[in-house]
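Based on these hints, arrange chain B with the ligand on the given structure of chain A.
Here is how the chains run, residue by residue.
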Amino acid sequence: MSKHFLALVLAVGAATSVQAGDIDGLARTCNNCHGVNGVSAGPSMPSIGGLSEAYLKNIMMEWKSGARASATMTRLIKGYSDDQIADLAKYFGSKTWAPVVQKTSADVLKKGKDVTERCETCHGDTGSKPDDELTPKLNGQWAKYLELELMKYRDDGFKMVHKKMSKNARKMDEADVATSAAFFGAQSK
Amino acid sequence: MSLNINRRDFIKAAAAASGAAVLTIPTAAHAATKAKVVVVGGGFGGATAAKYLRMMDPGIEVTLIERNKTYTSCPLSNEVISGHREIKTLERGYDGLKKHGVKVVFDEVTGIDTGKKMVKTKGGKSFGYDSLILSPGIDFAFGAVEGYSEAAAEQLPHAYKAGPQTLLLKKQLEAMPDGGKFIIAVPPGPFRCPPGPYERAAQVASYLKHHGKAKSKVLILDANDSFSKKGLFEQAWKALYGYGADGMIEWVPGAQDGKVVRVDVASKTCFTGFGEHKGDVVNIIPPHHAGKVAKDLGLATFKDKWCEVSPDSMESKGQKDIYVIGDSCVGGDLPTNNAFPKSAHMAMTQAKVAVGAIIAKVNGLPLPTPYYVNTCYSVVAPDYGFSVVHIYKVENGTWVYVKEASGVSPVTMPDKSPVPAIYRKLEAEYANGWLDNVLADAFA
Ligand SMILES: Cc1cc2nc3c(=O)[nH]c(=O)nc-3n(C[C@H](O)[C@H](O)[C@H](O)COP(=O)(O)OP(=O)(O)OC[C@H]3O[C@@H](n4cnc5c(N)ncnc54)[C@H](O)[C@@H]3O)c2cc1C
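Residue numbers (this note's numbering), protein chains in the order written: chain A, 5 to 193; chain B, 680 to 1123.
Extracted from the complex, chain A is given alone in its bound form:
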């Protein structure tokens, strides 16, 4: 096969990803806030590429039905059909989780290890080994985002669904919230 022909095939191959179905075009609108391939560049916005398909679908459907509160996503997700949501979950679920490792001090890491002991059974000791499909990865997720999520689980005015997670978040001391978030944000695997 000539070099030129190969190049053409490759290039057309890339181009046909536009046509692979609606899903690529739809998913590209998520990039504005969640980054290319779902890797966020902004500390308060979560990376979503490589979370499990089941988790992604569940959270979006809970927002859509109104069972779960959110500040922004609820309004957005109501514009999509259940099928589109399933496709989006599959699309981002098929990406590789790309931890954004945020360095922190040895002191925070040490304290973080202690205060996240309770979290290990479900999230794994570094947040990378969730015990089931409905538990998100925390390693290399943006610490700022994790802190905001913990704030939501701890707030009476914010409707979250998962009872055990809420209970665990509420058992933490206020000061440990940022520490545990920084701990998970610093983990590569």
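What the hints contain is simulated information worked out from the structure, not anything from laboratory work. For glycine and all other residues, C-beta sits at the position ideal for the given N, C-alpha and C. One or more hints might be untrue.
As the list claims (entries may be wrong) - On the chain B side, residues computed to face chain A include the following (Cβ under 7 Å):
id : residue
1  : Thr1028
2  : Gly1035
3  : Thr1048
4  : Tyr1050
5  : Glu1083
6  : Pro1093
7  : Asp1094
8  : Pro1097
9  : Pro1099
10 : Asn1111
11 : Val1117
12 : Phe1122
Unchecked claim - In silico lysine to aspartate or glutamate, EDC-like type, Cα no more than 16 Å apart, as pairs:
id : chain 1 : residue 1 : chain 2 : residue 2
13 : B       : Lys1104   : A       : Asp159
14 : A       : Lys156    : B       : Asp1062
15 : A       : Lys82     : B       : Glu1083
16 : B       : Lys1104   : A       : Asp160
17 : B       : Lys1104   : A       : Glu151
18 : A       : Lys163    : B       : Asp1094
19 : B       : Lys1040   : B       : Asp809
20 : B       : Lys999    : B       : Asp786
21 : B       : Lys1072   : A       : Asp26
22 : B       : Lys1104   : A       : Glu153
23 : B       : Lys971    : B       : Asp857
24 : B       : Lys896    : B       : Asp857
What follows is chain B with the ligand alone, placed relative to chain A:
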């Protein structure tokens, strides 16, 4: 703004992810050139278009022509005025685009020959194109407010293109005495960033409140009778700064003689139909229209101001193979206020639609389904933000606002109880993350 971003770590992660992505990009050296696309304007719309064209089809040669070497984001520039943000955080260069293989040319486009399909620049260069994307943003109709001009903007800043103008307005605010009056003159819609002037009012008030100038006044003289996220802004103004004739912020709608028609630069006086208002700082946002390059080409067919495009592709209704995106274009249902807003978020989704259409055309494939999404965060205090979300679908050749989604952050909860403070805090934080992400999605 001391967030723990570590750019290098992020880039490492992003690179790892793209390695595993569907979009495996052969290097430019191996790909044959299938088509030439020229992009005019390297703002949110143009930069996104140039990057995504290269990312999605490296067989396309992309040249981006931009006047300035550094781009300054307007989004969140109101926080620079109040001192809550450094202008550096809003600035981006074009090295990221070069890494995608975009040919970046710093020059000004002075003319377009649609017959020869050729773009000409001030620097005397010519660039041929198969498809042309115009994303030149806005230019001001200086004559529309009598007495206002480019020179007058050095005394009465518009600060509606971010950069030196933003810093000038900040300096004037800082020099304003307690008890002074800060006037914001809002032009008739549609204008760039519908919530922008009202967010600015809050940011200015925030500065005044926290710098011992609480006796001062922020007066909004508006050519319009309503505005974006009005309920949310009024609620926030009232709670944080005082709103109304006795509060710090006062809003005068068009119907109550709010439209500024003339200014006297020397005395810093704004004249409306019947009244006059003297300010200590006067921020005139002049009426504006599609960027000059698009307008000069005769593409601004909507009220001689904005460019009409096809919703399937963003292709100009007047000129084949020319795509107009971002603030320069217009679409949707204007009379019911369901037209799409002139926002960075919208400019970027339009860019992605145009890119999809061009790639389909180049490869002889059918047009992909276009998706339009907008989000605008407004930040009225460091821990107080809210947003509006719009989704549009295309039906019968026009944009239809999807009512099930869309809408603004709640003013009250469904049972009419107050919205818990955590919602406002979250959206103020999300605005920061949104900015980082849109800047990365367009420029990195
Ligand atoms: C105060 C303020 C706050 C805002 N806040 C938000 C917000 O929170 N969220 C949001 O989504 N949007 C916001 N916006 C709106 C946003 O800035 C615009 O909608 C967005 O920049 C539009 O992108 P664009 O590509 O159309 O134009 P621009 O970003 O303006 O880019 C146009 C580019 O083209 C270049 N150019 C023009 N003519 C030529 C020429 N002849 N030759 C070469 N180069 C040329 C210019 O130098 C410029 O770099 C805000 C705007 C303002 C003023």
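Here is what the structure says about each hint:
At a threshold of 7 Å, the smallest CB-CB gap from B:Thr1028 to chain A is about 6 Å, leaving the interface hint in force. About 5 Å separates the beta-carbon of B:Gly1035 from the nearest beta-carbon of chain A, less than 7 Å, and the hint is met. Using the Cβ-Cβ criterion of 7 Å, the hint placing B:Thr1048 at the interface with chain A is satisfied: the shortest such distance is roughly 5 Å. Given the 7 Å rule on beta carbons, the hint for B:Tyr1050 holds: about 5 Å separates it from the nearest Cβ of chain A.
Given the 7 Å rule on beta carbons, the hint for B:Glu1083 holds: about 5 Å separates it from the nearest Cβ of chain A. The beta carbon of B:Pro1093 comes no nearer than 9 Å to any beta carbon in chain A, farther than 7 Å, and the hint placing it at the interface is violated. The beta carbon of B:Asp1094 is not positioned within 7 Å of any beta carbon in chain A (closest approach about 12 Å), and the interface hint is therefore violated. Interface restraint check for B:Pro1097: the shortest CB-CB distance to chain A comes to about 9 Å, outside 7 Å, so the restraint is violated.
Taking 7 Å as the C-beta cut-off, the interface hint given for B:Pro1099 holds, the closest approach to chain A being about 3 Å. A cut of 7 Å between beta carbons decides the hint on B:Asn1111: the least distance to chain A is about 6 Å, and the hint holds. Hint on B:Val1117 holds. Least Cβ distance to chain A is approximately 6 Å, under the 7 Å limit. Residue-level restraint check for B:Phe1122 is violated (minimum Cβ-Cβ distance to chain A is 10 Å; threshold 7 Å).
Simply put, B:Lys1104 and A:Asp159 have alpha-carbon atoms about 12 Å apart, close enough for the 16 Å limit, and the pair holds. Proposed proximity of A:Lys156 and B:Asp1062 is supported: the alpha carbons are some 15 Å apart, at most 16 Å. Taking the CA atoms of A:Lys82 and B:Glu1083, the gap is near 6 Å; set against the 16 Å cutoff, the hint holds. Between the alpha carbons of B:Lys1104 and A:Asp160 the distance comes to roughly 15 Å, so the proposed pair stays at or under 16 Å and holds.
Restraint check: the Cα-Cα separation between B:Lys1104 and A:Glu151 comes to about 12 Å, which is no more than 16 Å; the hinted pair holds. A distance of roughly 14 Å separates the Cα atoms of A:Lys163 and B:Asp1094; the hinted pair therefore holds under the 16 Å criterion. At roughly 11 Å between alpha-carbon atoms, B:Lys1040 and B:Asp809 fall within 16 Å of each other, so this suggested pair holds. Only pairs whose Cα atoms come within 16 Å are accepted, and B:Lys999 paired with B:Asp786 is rejected, the gap being roughly 25 Å.
Our distance criterion of 16 Å between C-alpha atoms is met by B:Lys1072 and A:Asp26, whose separation comes to about 13 Å. At roughly 12 Å between alpha-carbon atoms, B:Lys1104 and A:Glu153 fall within 16 Å of each other, so this suggested pair holds. A distance of roughly 40 Å separates the Cα atoms of B:Lys971 and B:Asp857; the hinted pair therefore is violated under the 16 Å criterion. Distance hint between B:Lys896 and B:Asp857 is fulfilled; the C-alpha atoms sit about 9 Å from each other, no more than 16 Å.
Of the numbered hints stated above, those contradicted by the structure are hints 6, 7, 8, 12, 20, 23, listed in ascending order.
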